[in-house]
Structure formats: C-alpha cells, structure tokens
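All chains should be modelled from the sequences, with the hints used to inform the complete structure.
Residue numbers (our numbering), protein chains in the order written: chain H, 117 to 255; chain G, 117 to 255; chain P, 117 to 255; chain R, 117 to 255; chain B, 117 to 255; chain S, 117 to 255.
Don't read these hints as lab results, they were simulated from the structure.
Please read all numbers here as calculations on a predicted model, not as lab measurements.
Any given hint could be a false lead.
You can't tell identical chains apart in this list, so a pair holds if it fits in one copy or across any two.
[Unchecked claim] Subject to a maximum C-alpha distance of 27 angstroms in a straight line, what follows is the list of computed DSS-like cross-link-like pairs (lysine-lysine):
hint	residue 1	residue 2
1	K194	K164
2	K171	K196
3	K247	K182
4	K164	K152
5	K210	K236
Number of protein chains: 6
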Amino acid sequence: MSSEIYSHLYNKILQEGALDIYTESIYMKKNRPAVKLSVICKEDDLEKITEHLLKETSTFGVRYSKYDRVILKREFRKIKTIYGKVSVKLGYYKGNLIKVTPEYEDCIKIADNHGISFTKILLEINNIIYKEFNIKILT
Amino acid sequence: MSSEIYSHLYNKILQEGALDIYTESIYMKKNRPAVKLSVICKEDDLEKITEHLLKETSTFGVRYSKYDRVILKREFRKIKTIYGKVSVKLGYYKGNLIKVTPEYEDCIKIADNHGISFTKILLEINNIIYKEFNIKILT
Amino acid sequence: MSSEIYSHLYNKILQEGALDIYTESIYMKKNRPAVKLSVICKEDDLEKITEHLLKETSTFGVRYSKYDRVILKREFRKIKTIYGKVSVKLGYYKGNLIKVTPEYEDCIKIADNHGISFTKILLEINNIIYKEFNIKILT
Amino acid sequence: MSSEIYSHLYNKILQEGALDIYTESIYMKKNRPAVKLSVICKEDDLEKITEHLLKETSTFGVRYSKYDRVILKREFRKIKTIYGKVSVKLGYYKGNLIKVTPEYEDCIKIADNHGISFTKILLEINNIIYKEFNIKILT
Amino acid sequence: MSSEIYSHLYNKILQEGALDIYTESIYMKKNRPAVKLSVICKEDDLEKITEHLLKETSTFGVRYSKYDRVILKREFRKIKTIYGKVSVKLGYYKGNLIKVTPEYEDCIKIADNHGISFTKILLEINNIIYKEFNIKILT
Amino acid sequence: MSSEIYSHLYNKILQEGALDIYTESIYMKKNRPAVKLSVICKEDDLEKITEHLLKETSTFGVRYSKYDRVILKREFRKIKTIYGKVSVKLGYYKGNLIKVTPEYEDCIKIADNHGISFTKILLEINNIIYKEFNIKILT
Numbered sequence: 117m118s119s120e121i122y123s124h125l126y127n128k129i130l131q132e133g134a135l136d137i138y139t140e141s142i143y144m145k146k147n148r149p150a151v152k153l154s155v156i157c158k159e160d161d162l163e164k165i166t167e168h169l170l171k172e173t174s175t176f177g178v179r180y181s182k183y184d185r186v187i188l189k190r191e192f193r194k195i196k197t198i199y200g201k202v203s204v205k206l207g208y209y210k211g212n213l214i215k216v217t218p219e220y221e222d223c224i225k226i227a228d229n230h231g232i233s234f235t236k237i238l239l240e241i242n243n244i245i246y247k248e249f250n251i252k253i254l255t
Numbered sequence: 117m118s119s120e121i122y123s124h125l126y127n128k129i130l131q132e133g134a135l136d137i138y139t140e141s142i143y144m145k146k147n148r149p150a151v152k153l154s155v156i157c158k159e160d161d162l163e164k165i166t167e168h169l170l171k172e173t174s175t176f177g178v179r180y181s182k183y184d185r186v187i188l189k190r191e192f193r194k195i196k197t198i199y200g201k202v203s204v205k206l207g208y209y210k211g212n213l214i215k216v217t218p219e220y221e222d223c224i225k226i227a228d229n230h231g232i233s234f235t236k237i238l239l240e241i242n243n244i245i246y247k248e249f250n251i252k253i254l255t
Numbered sequence: 117m118s119s120e121i122y123s124h125l126y127n128k129i130l131q132e133g134a135l136d137i138y139t140e141s142i143y144m145k146k147n148r149p150a151v152k153l154s155v156i157c158k159e160d161d162l163e164k165i166t167e168h169l170l171k172e173t174s175t176f177g178v179r180y181s182k183y184d185r186v187i188l189k190r191e192f193r194k195i196k197t198i199y200g201k202v203s204v205k206l207g208y209y210k211g212n213l214i215k216v217t218p219e220y221e222d223c224i225k226i227a228d229n230h231g232i233s234f235t236k237i238l239l240e241i242n243n244i245i246y247k248e249f250n251i252k253i254l255t
Numbered sequence: 117m118s119s120e121i122y123s124h125l126y127n128k129i130l131q132e133g134a135l136d137i138y139t140e141s142i143y144m145k146k147n148r149p150a151v152k153l154s155v156i157c158k159e160d161d162l163e164k165i166t167e168h169l170l171k172e173t174s175t176f177g178v179r180y181s182k183y184d185r186v187i188l189k190r191e192f193r194k195i196k197t198i199y200g201k202v203s204v205k206l207g208y209y210k211g212n213l214i215k216v217t218p219e220y221e222d223c224i225k226i227a228d229n230h231g232i233s234f235t236k237i238l239l240e241i242n243n244i245i246y247k248e249f250n251i252k253i254l255t
Numbered sequence: 117m118s119s120e121i122y123s124h125l126y127n128k129i130l131q132e133g134a135l136d137i138y139t140e141s142i143y144m145k146k147n148r149p150a151v152k153l154s155v156i157c158k159e160d161d162l163e164k165i166t167e168h169l170l171k172e173t174s175t176f177g178v179r180y181s182k183y184d185r186v187i188l189k190r191e192f193r194k195i196k197t198i199y200g201k202v203s204v205k206l207g208y209y210k211g212n213l214i215k216v217t218p219e220y221e222d223c224i225k226i227a228d229n230h231g232i233s234f235t236k237i238l239l240e241i242n243n244i245i246y247k248e249f250n251i252k253i254l255t
Numbered sequence: 117m118s119s120e121i122y123s124h125l126y127n128k129i130l131q132e133g134a135l136d137i138y139t140e141s142i143y144m145k146k147n148r149p150a151v152k153l154s155v156i157c158k159e160d161d162l163e164k165i166t167e168h169l170l171k172e173t174s175t176f177g178v179r180y181s182k183y184d185r186v187i188l189k190r191e192f193r194k195i196k197t198i199y200g201k202v203s204v205k206l207g208y209y210k211g212n213l214i215k216v217t218p219e220y221e222d223c224i225k226i227a228d229n230h231g232i233s234f235t236k237i238l239l240e241i242n243n244i245i246y247k248e249f250n251i252k253i254l255t
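Right, dumping it as structure tokens:
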C-alpha cells in the first residue's frame, strides 16, 4: 500500500469516531516488510471503521478483539500564560488529580505566532501547571 | 534464538495450516532486544502450532487469544498478459468487487523469464486489471 | 522529548531547506527507547539546521557525515483527469523516463472534494499515467 | 514521557509481580513516535499494576485483555562448571524435557570474575548442558 | 546472538570508553530479524572496541565511518531539593545556556528512598531548574 | 512500493555482488511509514547496484558513503555429523580462531530430510564444533 495514504487514512478514521490509531512495523513471510495498523474504537463504530479499512487499504481482512480499559477521568481547563490562554487536560484517578498535560496544538500556535521555540513555551507552561495544580498532584 | 531459523520456521508453521505469521521487534527488561512472533490460525490448529513453537523456538510459553475477523470474500482468476497468464485475487465486500491483486509469485516468474523489471510487469498487469475489472470496482 | 513536538519539528526543518527528514526507533543503554532523527540537507544548510535541532530537541549533540547521491533527474507535469488536473513527478535515468509518480496531495484533495475513495483515485491516475507515459517507460 | 524512566519502571512493575514486560515502537497520528508498553500479569495483579502505570507514566488510559497461555513446566537446577555452579532452567512439555537454558546472570558473573569472554562461558556451559541433559532432549 | 548478552555488552563497551551505544532492529535476507549495534567512540578507541565486538558478538565484520559532531558545551552542577542534592547537566550553545537536564540516576534514588513516584520528583526538579536557570534560558 | 517485491529484490541485489542487504523501518513526514533499504557492496559494484535500485524500487534517489571494515579472516570446512557433512564458517582474528558457525542451509536440509527439529540439529552440531575447535577458541 502506498505509504502516502496513511496521513489521509488517520484523519478519516479519527473523523469516524476512532479513539486512537497507530501503526507498527512488522515482518511477514518472504521478507515482506509491512505495517500493522491498529484502531481503538467503540463497539458501535466497529462496522463503519472496518468497512473503511477494507475499502481504503490493501488488506483482505480485519481482525478485532474486545479490550477493557481503565482510564483517568478527564477534565479540560484553560490556563493563562503571558502569551494567551492554553488548554490543559486534567486526569483524575479515584477522585485525585494525578496528571495535567497542556494541549500541544495550542503550544505550537503560540510558538509560531510569537517566534519563540516550542521548548521554551513548554517550559513556561509546565511551570504554570506546576504552580496552579501542584498541591493536588502531590497529595 | 538464532535468527537463521525464522525462514524455516515460517515455512513449517504455514505448512501446518497457519493463516498468517509475522514478527515484530520488541524490547524486554535488561536491554534485551527480542522478536515477538505472531501466528494467526484456526482454533483447530492451535495445539499443533503451539507445540511446534515450544519445540522449535527458545520460548518457554505461548500466549493466545481469540479474535474475530471480517474478511473480503475471495475469488481467484487468471488474466491474460502478453507474457502469459497471471493469477489475480479478487476481494468482494457485501457482494461488490472492491479489490483485485495480482499474484506476485507469477509476476516474479515473468520478470525472471523475460528479463524485464518487476516494476514494469506490475505496471502492465495493473493496467490490465484496471481495464478488465474497473467498472465493478468503481460502481 | 515529548513526542508531540515531531510534527512541528518536521515542518520547521523542511522550511529551513532540508531535503528529507525521518525517524527511526533505537534502543539505548538502561532500557531507554529513543528516537533517532535523521535529516538530509545541503552542506550550506548544515549549520542552520544543526542549531535548530540543538535548540528545539532534547539532544546535547548532532552528528553529521557527507553522503553522495545518485538521483533521477526530475520533471513536474500536470495530467488531466475527469476530476481535474493532477501533478505528476517524472524521473529520468541517463535520459530515459523510468518513473512517474502522482502528487499525493492532489489525489487527496480530489478524494475529499468528490467523496471518492483515495484508492479509486489512485487507480484512475495510475491508468492515465500508464497510457500517457508508457511507451517511454517500456523502452 | 522521558525515556530515562523505563529502566526504573520495568523494575517496579516486575517487583509488583508482573510475569513479563516489554516495549514496542509505534507511530501515532501527527507523526508522533511513541512507545507501547505491554505487561503480562496475573489477573490478581491487574489493578495494582494498572494503578502504577497510570501514576508513573504519561498515559491517560490502560487497555487490557485476557490471554491464555501454554507454558513449559519449569524446573531449576545447578550444574557444575570449572568456574563454579551455574543455574539452569529446564522446560518440560507433556513430561518430556525439551529445553535447557543457563541463567545468564550467573554466566555474566563468571565472565566478570574470571575475565573470560561471555561467549566462551556460554560455549562451555552449553556443552555441559548438552552432555548432562542430551539423552532426554533427543528422546 | 543470545539477546541476554546485550546488557553486559553495553556495560563493557561503555567501560572501554564508548561515547554512546544503541541498537536498531533490522531485517536481513531470508526473513532474518537482526539487531544492528551502533557504537559512537573516539578514533583512539576504535581498535579496542572493534576487537571487543568481534570477540563478544556473533558478527564476522565491523563497519565504521568518521562522523563530525556539533555538541553543546556541557557543565555539571548540583541543585538543592527538599529531598537532597541532584546533579544537573547544563548545555551551552555559543555561550548561551539553552538546556538543563537532571541526572536521572539521582532522581531514581530519591524516588526509591522516599517512596515517592519518579514522576513527582521530576516535576519538582524541573520546577527548581525552571526557577534557577530560567532567565538565562529565555534570553 | 509493494512489499512483495523485497524478496525478489534481495535476491537480485545479492546476485549482482552485494555483500549484504537489509531493511529498517523508518517514519517520514506526513505520517508515512517507510522502509530504508541498505546495501553493503564493493565500490566497483556501486553503479550497477544503484541503477538496479533506481529502476526496480520507487525511490528517486540513492545515497551512499564509504565505510571501512574490520573483518575476521574466513575459512570454510566440512564437519562430520551422524546425519552427514555440514559446512562451517571459521573466523580468525589476528591469526587466532575465535568463531565457528555452522551453515544454516545445511542444518535445515538435515532437519527436513530426517524429520528432526532444527533446534536439535543445531545442538548436535554446536557440540561437535565445541569438541573439534574448542582448544583454539579458548587459547
């Protein structure tokens, strides 16, 4: 399958409701390097996504299995920075905040608009996150 | 495990009825690069293949799980080319032909016998496929 | 280094004149999975790109070496399809046309605008390429 | 997630009772190289290990599924070498000994203490294994 | 080559003066998955390390080539944390501090001694780094 | 590029005199998984092999660089086993025999002809190698 299709495929599959999508490099018989595409989706989206994969990729079959998941309860907030607001994703485990992650798209936009390096932006934002959310994280 | 064994192992496992076989590179504790071997087989072949893996590889255990599959209905045909006949695999989804793939072994034989590049052979054959099966594919 | 930075980094490095950029998965001492980033660039862009890598990634050093290249002479053309024009890249080896590749961005736009699958578009375009350029390719 | 954490994480997860742990390189949307961490554990350890993964890694979710396993019955023995004793792991399939593997930690210690290459030690030990266990292996 | 040897090999090669060492997964003819081991070393250590690789691995040949490097000027400092001192590595580009990285071994020791998660330790230390070194980094 | 071509390509490139050939999985811009093909060859074969790669793969360019090699002096011998003769490759470093490797093709043929497992054959042969060549190896 032409490798140029993946970016397009990822977008389409995510638009159809996939929760996650990723590829792994595998090696098949007769020295064939290949790509294993994995999609995580809700059971309701299985048929729709399977059809898309069969029609848009070179595969003749799609395997699937049921997985359970333990996920952090998620909450989204905006935090203030000197460059403007940035979204952060909060993750709670059994009621306790244990993880805060900035929205990278926002950081990239800031980096582009202000001509500052992405690394510096991230450093700033992680410091703000540290100060605003620290107490709960360390509890 | 000696890497020279894989080619032999692939052949043996496929002879025993495996539907597919592939490897992935994984990394284990203590900086050990390793190879994860995956075999897709029918439930009836599970014991036979498991035994083969335990006897012929360095592993002390084989994990398995049940997967469902959605597969295209397959049909095999011969198409005529100026170099002779070539097998093609047709894939139908809900009654519609959506995929036609040449048998690569045939293409390689032609390339070898006629001293033509594999790439050119493939180009020719894809064009014949396009003309013969196109209407149904595009419906 | 946060993996979210790569997409941004790829764009920046290409804007600075890199000819190509890619990553490979490597494993370092102490079980550290890591990413080796490779950039192909002209000698004149070496300093600029090295500086960018040192500032925007977590690395403390950049290695480089000189490579020679044999490349096909490239030419760009537009071909007509029933959906509009599509750019194709032609590759010549010692004066002979040996390769024609459609511009995938164009194919994706057509697929999106006409609600047709990318796979079908590609099939159509490869057929047009076959008919228009075939003689030279097969010589 | 910082790649330096893996060695520590592997140790912790194994201390909590995991049967095995390994990583694979995957590629996610938006050109993000990532690491998929897989842990094999008993059902009773699932919650404890899941909690550890959620707290100590950057993930917001852990997927799990049930696998069956066919494993060789294991037995541990000491064999004598000219450098001292070395542990070996014996694997039985349906009552027959089919595999004998030296304990690599022991071999490394010998290599270090005697200033001999690891390769030579292994050669010696495999020869002793061959002589001591050969009959059963070949039955 | 037995994968258990890698951890030992990494240590030995680093003791002999290698600057860096890492592995990549490659695929050879006849479906052989293999591991490509790369060592970065000074020219003076080339012979010693080559000999070690030839004697301790299964390879029959070692390839080498000369690379230039652009590296950040490095400086090591101790910073105070509520858990004790932690080493940090500072990286200067053309006289400007552009990177500060904690010594992960120190962080792991603290995590182990105080029963705190590695993630929290890192968060704390990155905050101290931010406050102590920020001005120079952002200039 | 169709992954089915690799086996054919490997054979052709080796027939043209390549010393070694292998692939690695890489990731390019726009989420494109790709395969990096590496060929080790003598300088005299460079042009012939480059031409083959440009004509038979989808690439528009081939990079190359000069490497030095330290290789073991090789010698081939036949050893007797109860199943017949097997070729072994001997490797000498500065005049000393340091490595003996059986020819895997021979072992596979024996395994197939006698219906014995490849693993057992290898065990037998390594034992014979150990007894015949051991003294020199340990010197």
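Against the structure, the hints:
no. : hint          : in the structure
1   : K194 <-> K164 : neither (34 angstroms within a copy, 32 angstroms between copies)
2   : K171 <-> K196 : between (45 angstroms within a copy, 25 angstroms between copies)
3   : K247 <-> K182 : neither (40 angstroms within a copy, 41 angstroms between copies)
4   : K164 <-> K152 : both (19 angstroms within a copy, 26 angstroms between copies)
5   : K210 <-> K236 : between (33 angstroms within a copy, 18 angstroms between copies)
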